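Protein chains in written order, with my numbering: chain A, 81 to 396; chain B, -3 to 296; chain C, 44 to 321.
Check the hints yourself; a few may be wrong.
Cross-link-like lysine-lysine pairs, in silico, DSSO-like; alpha carbons within 30 Å at most [said to hold, decoys possible]:
hint: 1; chain 1: B; residue 1: Lys60; chain 2: C; residue 2: Lys52
hint: 2; chain 1: C; residue 1: Lys201; chain 2: C; residue 2: Lys219
hint: 3; chain 1: B; residue 1: Lys288; chain 2: B; residue 2: Lys190
hint: 4; chain 1: C; residue 1: Lys133; chain 2: B; residue 2: Lys288
hint: 5; chain 1: A; residue 1: Lys287; chain 2: A; residue 2: Lys189
hint: 6; chain 1: B; residue 1: Lys60; chain 2: A; residue 2: Lys189
hint: 7; chain 1: A; residue 1: Lys199; chain 2: A; residue 2: Lys189
hint: 8; chain 1: B; residue 1: Lys106; chain 2: C; residue 2: Lys219
hint: 9; chain 1: C; residue 1: Lys133; chain 2: B; residue 2: Lys287
hint: 10; chain 1: C; residue 1: Lys219; chain 2: B; residue 2: Lys172
hint: 11; chain 1: B; residue 1: Lys287; chain 2: C; residue 2: Lys52
hint: 12; chain 1: A; residue 1: Lys187; chain 2: A; residue 2: Lys382
hint: 13; chain 1: C; residue 1: Lys201; chain 2: B; residue 2: Lys288
hint: 14; chain 1: B; residue 1: Lys176; chain 2: B; residue 2: Lys288
hint: 15; chain 1: B; residue 1: Lys190; chain 2: B; residue 2: Lys172
hint: 16; chain 1: B; residue 1: Lys198; chain 2: C; residue 2: Lys133
Here chain C is said to cover these stretches of chain A; the calculated rule only asks that three of the stretch's residues, wherever they fall, bring their Cβ under 8 Å from a Cβ of chain C [to be verified]:
hint: 17; segment: 159 to 169
hint: 18; segment: 275 to 289
Everything labelled a hint here was simulated from the structure, so no lab data went into it.
Here the structure is a predicted model, which is why all the values come from computation and not from measurement.
Yeah, the Cβ is synthetic: ideal placement off N, Cα and C, and Gly gets one too.
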Amino acid sequence: MREPTKTLALSTSMLIAGLLIGTFVLAPTLLPNQGTAQQLFPQDSAWRHQSIRVVGSTTVLPIANACAIRFMELYNATSITVEGGGSGRGYSELIDGLCNIADASRKPKQSELDAARQKGVTLILHEIAIDGIAVIVNPSVTEDLNGPLNLTLEEIGKIFAGVYSKWSEVKEGLPNKEIKVFVREPGSGTRATFEEFCMEPFGFEVKTGAAQVPSNPAMRQSIEQAHYSIGYVGLGFASNNVEVVHVARENGQPFYAPTYENVKEGIYPLSRYLYMVTNGIPKSGSLTDRFIDFVKSPEGQKLVEQCGYIAIYPKE
Amino acid sequence: MHLEKPNFLCLKDKAEIILFTVASASILILFLITVFVFEEGVPAFMNMGLSNFLFGQRWAPYYKSFGAFPLLYGSLMIVFGSLVISVPLGIFTALFLAEYVPRWLGDLLKPIIELLAAIPSIVYGFFGFVFLAPRIMEFFDLSVGKTALTASVILSMMTVPTIVSISSEIISSVPKEYRKASLALGATKWQTLKSVVLPAAKPGIVASILLAFGRAIGETVAVLMVCGCVPEIPSPPWNYFEPVHTLTAAIALEMGEVPWESLHYHALFGLGAILFTITFIVNAVADLIMKKAPKGAVQI
Amino acid sequence: MKAKFVKEKALSFLLAFPAVILLLAFLSIILFIGIKGLPAVNWKMLTTSVQKGGIFESIVGTLYLLAGTLLIATPLGVATAVYLVEYAPKGRVNRIITQALNNLAGVPSIVFGLFGYVFFCRFLGLGISLLSGWLTLTCMVLPIIVRGSQEALRMVPKSFREAAEALGAPKWRVIKDVVLPTATPGLATSTILGVSRVAGETAAILFTCSVFLMKGLPSTPFQPVMVLTYQLYTLLVASPSVSFDRAFAMALVLLGVVVILNIFAYLMRVHYRKKWKW
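Throw the hints in and build the complete structure from the sequences for me.
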């Protein structure tokens, strides 16, 4: 009886050994060829082999992602790890020293400034793009309306706060159906900016019955699918399957659509800067410094626009 | 025969000492989990009072409001819903497999059903989110597809295999004498099953239901993607067509961005502590029931 | 009398329904992933780097995670099982350890994630790394491996042990040279089942070891890793792109890995049970 046992044990252990060897030894070598490195600055090349971690806003994530990929293509011994999680996470990790750059779609909150001061961290905000927040609704809301849905900041606030429970209470021509409100998770910078414009000035709080979604794309998907729904997304995330709200600052002011031009000219009320945040001014020549420079460079800003945002710095 | 009485003071060989140390790692791990989860959760309880945390009706971390009750209610609601589906389905399937199906077919079907349990929860979430939620929305003419009902259905798919595999083993292991005696008295197969076999298998079946409960309430990713994430008790409270939020989904959604050691962070650990306590109790009860099971019962 | 039998027959047909519903449910998931996933999965996607839209590093990263967990958890689990079966089959110690294992088995995976984050990542300072992931997943998978190993060890007939002892071998040699080799197929089965459980795990690695994008593969265990389950999760929840092609491909690969592992374990179990018919 010993023989078959031995062979079975032997073959199993060979299988496992093979798996381990394959995983740890062969796989890295199979990694697709990364191309040749460019010799641009042969003297100060320490940064070329460094690695940094970029964490934070899901709004900035596409920019960080695209820029990191391009940057690593150009300088391929560098390593940039990108992570989402929300502006809150970005600030939190930066303050705790767990990342090099925080992506943020809002300025730091007081509690974050306090925590930073307590830990001896200086938050330096680098503006890398301009973004607008589009308030979006499901097409079922505006079906019977001739023309776009026009709302003031306060009216939007009231909808999200639950002051209106049906669309018909908001304006004429809207369906007599319950309003389904969607908001972002608590750490979202998009949420913070939205509430800064539409809720806080009027003392509103989002109603308890609002559904939470974890990111811009998830918000768009939810509004696309759920009838009579309303939510907010970064400018670049609106799609053809949702209707955008035209926003006015106050009653009596004109209503503006969340278009690229309107945000660029500063007339669309819900606009903001997108930031990459560092602890202190990044050391000149370090990877952090060079990456942020890249994002601000014409090539980086072109990527910013490709992602659907508005470039701050001249492109050409 | 080496059934020595274990004795803390006289571990004989070196080998035994080493093995004992390694084996006690499991106790250590459980201990550490309890300590750390509660240690990080207790500040939240102390800050706002345990009953305010547990029974507070408003979970709105953005506005510093940490009432966990809607989350607790949501978790219990969808688990209850999933049991309503999976218990009858599971028990009858178990009966069918154990009693009415030829051996070869049963041996083929059981692994397939166990495979259902092995499917990663993210795949279930994907399925629920892309396929099931829109279908439920259309079918019941709702305005949203992510509801307590959707979550219950997905959870039942995930937990039914637990009930089926354990129950069918339990049913099979009810001694043949019981059945033979009943049939000898003139009862039909179904009558035998209903009045003799099932009652004998009851402890094991109940334990399997409790285990399914424990798994369902701890499910995170699949639930996060289909429950709707609305931290409010539906009105009326038994309305399964409304979205809900759960303990697990809240932790997964919010944990990534809490500042270290903030109140929100402690509150999330508080939710974890609640979850841990619930599953601990449920598992302990299931264990107790299994211990009292009649001879021949299968160890879970 | 006839009525009773007709009722019987009717009932046995009715009872088939739930089983059929279950099988249909299973089929619908497989078809859902398979139909959309198969066209999307091709050799190119599997071997292209994540940076270029493929999923290569996620697959290898998952293997790294599994392999490391296996390496740590298997010796721990087998040793625990050996202790429980060979040295303390009854009594207080056995009961306490078994109770602890049963409780561990019931802990939700998100709680493991919380624990892993606060203990391994923060308290022990390992940060978000492969190592933290290995340790967290080891804690999760331990009960499964111990249980399976216990069963495997118990199936080794007493006569084997007695024969070895009669020849004068000390206890540890009996275990090392007789019991363990005999039980190896069963041990392997339990390990594979544990690994398949871990392969599909998302919640526990959410904040302990995985990231959205990083360069290549981790070169040390102190770096984070890209894993199939987490990539799929972020893709579905936070991805900038609209198409689900990559998601379906990943889901299919995941499903494939888990199904293959389970089938393999099942075949081993069947083969092994056939052998030990004393």
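Now for the hints, and whether the structure bears them out:
About 62 Å separates the Cα atoms of Lys60(B) and Lys52(C), which puts this hinted pair outside 30 Å; it is violated. Proximity of Lys201(C) to Lys219(C) is assessed by CA-CA distance (about 15 Å); at most 30 Å being required, the pair is judged to hold. Pair hint Lys288(B) plus Lys190(B) holds up; C-alpha atoms about 21 Å apart against a cutoff of 30 Å. Restraint check: the Cα-Cα separation between Lys133(C) and Lys288(B) comes to about 17 Å, which is no more than 30 Å; the hinted pair holds.
With a CA separation close to 22 Å, the supplied pair Lys287(A) and Lys189(A) stays within the 30 Å bound. About 14 Å separates the Cα atoms of Lys60(B) and Lys189(A), which keeps this hinted pair within 30 Å; it holds. The straight-line distance between the Cα atoms of Lys199(A) and Lys189(A) is roughly 15 Å, inside the 30 Å bound, and the hint therefore holds. At roughly 34 Å between alpha-carbon atoms, Lys106(B) and Lys219(C) are farther apart than 30 Å, so this suggested pair is violated.
At roughly 14 Å between alpha-carbon atoms, Lys133(C) and Lys287(B) fall within 30 Å of each other, so this suggested pair holds. At most 30 Å may separate the alpha-carbon atoms for a hinted pair to count; Lys219(C) and Lys172(B) exceed this at roughly 39 Å. For the given pair, Lys287(B) sits about 36 Å from Lys52(C) by alpha-carbon distance, which is inconsistent with the 30 Å threshold. This hinted pair checks out: Lys187(A) and Lys382(A) have alpha carbons roughly 24 Å apart, not beyond 30 Å.
Using a Cα cut-off of 30 Å, the hinted pair Lys201(C) and Lys288(B) holds, with the two alpha carbons roughly 27 Å apart. For the proposed pair Lys176(B) and Lys288(B), the alpha carbon gap of about 24 Å is at most 30 Å, so the pair holds. Taking the CA atoms of Lys190(B) and Lys172(B), the gap is near 15 Å; set against the 30 Å cutoff, the hint holds. With a CA separation close to 26 Å, the supplied pair Lys198(B) and Lys133(C) stays within the 30 Å bound.
Counting residues of the segment 159 to 169 of chain A whose beta carbon lies closer than 8 Å to any beta carbon of chain C gives 6, which reaches the threshold of three, so the coverage claim holds. Counting residues of the segment 275 to 289 of chain A whose CB falls under 8 Å from any CB of chain C gives 0; the rule of at least 3 is not met.
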